[in-house]
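Chemist: Here's the letter readout for the chains.
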Amino acid sequence: MSDSPEPGERDRRWPRAVYGVGTEPDPRFSFANERTFLAWIRTSLGFLAAGVAIAAVSKFSNQLSLEARLAAILLIVCGIGCGISAITRWVRNERAMRLGEPLHSSPMLLAVTAVVVLVAVLGFIVVTFG
Amino acid sequence: MTLPPWDPGLQIERTGLSWQRTMLAGLTCSMLVARLVASLSVALAVAVGVAALLGTAALGWLAILRFRATHEALHAEQLVGDGRTPLLITAVTLLTAVGALLYALSA
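Sequences listed follow chains G and S, in order.
Residue numbering for the first sequence follows this note's numbering, starting at 1 and increasing by one per position.
Residue numbering for the second sequence follows this note's numbering, starting at 1 and increasing by one per position.
It cannot be assumed that every hint is accurate.
Said to hold, decoys possible - Computed Cβ-Cβ distance ranges for the label pairs, DEER-style: (1) G:Thr23 <-> S:Leu87: 15 to 25 Å; (2) S:Val46 <-> G:Arg12: 39 to 49 Å; (3) S:His75 <-> G:Thr88: 25 to 35 Å; (4) G:Ala111 <-> S:Arg35: 23 to 33 Å; (5) G:Val126 <-> S:Ala76: 54 to 64 Å; (6) G:Leu109 <-> S:Leu24: 17 to 27 Å; (7) G:Ser61 <-> S:Ala47: 36 to 46 Å.
Unchecked claim - Which residues of chain G face chain S? A few of them, derived with a C-beta cut under 7 Å, are: (8) Ser30; (9) Ala49; (10) Ala50; (11) Gly79.
As the list claims (entries may be wrong) - Computed footprint of chain G on chain S; a stretch qualifies when at least three of its residues, placed anywhere within it, have a C-beta under 8 Å from a C-beta of chain G: (12) 25-32; (13) 53-64; (14) 77-84; (15) 89-103.
Just so you know, these hints were derived from the structure itself, not from any lab.
Since the model is a prediction, treat every value here as computed from it, not as a measurement.
The beta carbon of each residue, even a glycine, is placed where N, CA and C say it ideally should be.
Isolated chain S, as found in the complex:
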């Protein structure tokens, strides 16, 4: 059964879309890194590209699950929110940053 929107401001949907935009930004950044690595090693570039695609798909799926769970939890008047996913996203971003810094220092 499809539940109606939890609030007229569509807060959950906006937050879900925000997660999707972040996934796309991350994928773009990863693809840029993969393209730059291609000048050093094609195999490494393919590995980086595939890892980025799989990582984005996994995080996107996690975001969808989170969106559904939050929606159902609010309708059931349960508690929502958790810091694990934000921490995971921060860790992935900082890992990308380390790669970017190494590239800028070695270029």
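Bound-form chain G, shown alone:
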């Protein structure tokens, strides 16, 4: 496999911005970083499914209401944000581990919480006054 070079063989792992710097960290930490990446991807897929489901269910009553459309778009945009954040966080954390630097915090945690609360408020408005 190209991702498992022999000791002494030229390291061709990608991206070089990650694997071209620092020293090899404990593989267990790299696996933990990879599982965190995958968890973010699953969160992204969950947001996408929720957004599409809201749009689809709301469409049963003919026209999509403004609140439902807004909630659907918010969830899907959050899903896109989670997807992009997943790969950028993976790169930054792997690089930080190789350089022996502290791991970065993520503004996406706050953004994800804010979107979930906002969509819950929109849902409350629709259920109560819709």
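Got chain G; can you put chain S on it based on the hints?
Modeler: For chain S alone, kept in the frame of chain G given last:
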């Protein structure tokens, strides 16, 4: 010959299972999209469904190969890790997101 687990925490196996969960989440999401598309065109829905199944099978196979290669590499004290597969998964997810956004905007 079957190699013993690389570490008692079964890190490689947990990571492999995490890949499988992600594949299943992706398949569920794709099937939801296929079902919604069926109201527009049955042929397109079947195409989306078949593509999702084949895509999931291909990525699942890639995950298994990666799991085996990593396991053997660690036992042989070789370097592990690569960013290509995470990038591929991100690209597929973002492609699904574009479809979801188009659906929400056109609904």
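Chemist: All hints are to be evaluated individually against the structure, with a verdict given for each.
Modeler: A quick look at each hint next to the structure:
no., hint, verdict
1, G:Thr23 <-> S:Leu87: 15 to 25 Å, "holds, 23 Å"
2, S:Val46 <-> G:Arg12: 39 to 49 Å, "holds, 40 Å"
3, S:His75 <-> G:Thr88: 25 to 35 Å, "holds, 32 Å"
4, G:Ala111 <-> S:Arg35: 23 to 33 Å, "holds, 29 Å"
5, G:Val126 <-> S:Ala76: 54 to 64 Å, "holds, 58 Å"
6, G:Leu109 <-> S:Leu24: 17 to 27 Å, "holds, 24 Å"
7, G:Ser61 <-> S:Ala47: 36 to 46 Å, "violated, 29 Å"
8, Ser30, "holds, 5 Å"
9, Ala49, "holds, 5 Å"
10, Ala50, "violated, 10 Å"
11, Gly79, "holds, 5 Å"
12, 25-32, "holds (count 5)"
13, 53-64, "violated (count 0)"
14, 77-84, "holds (count 8)"
15, 89-103, "holds (count 9)"
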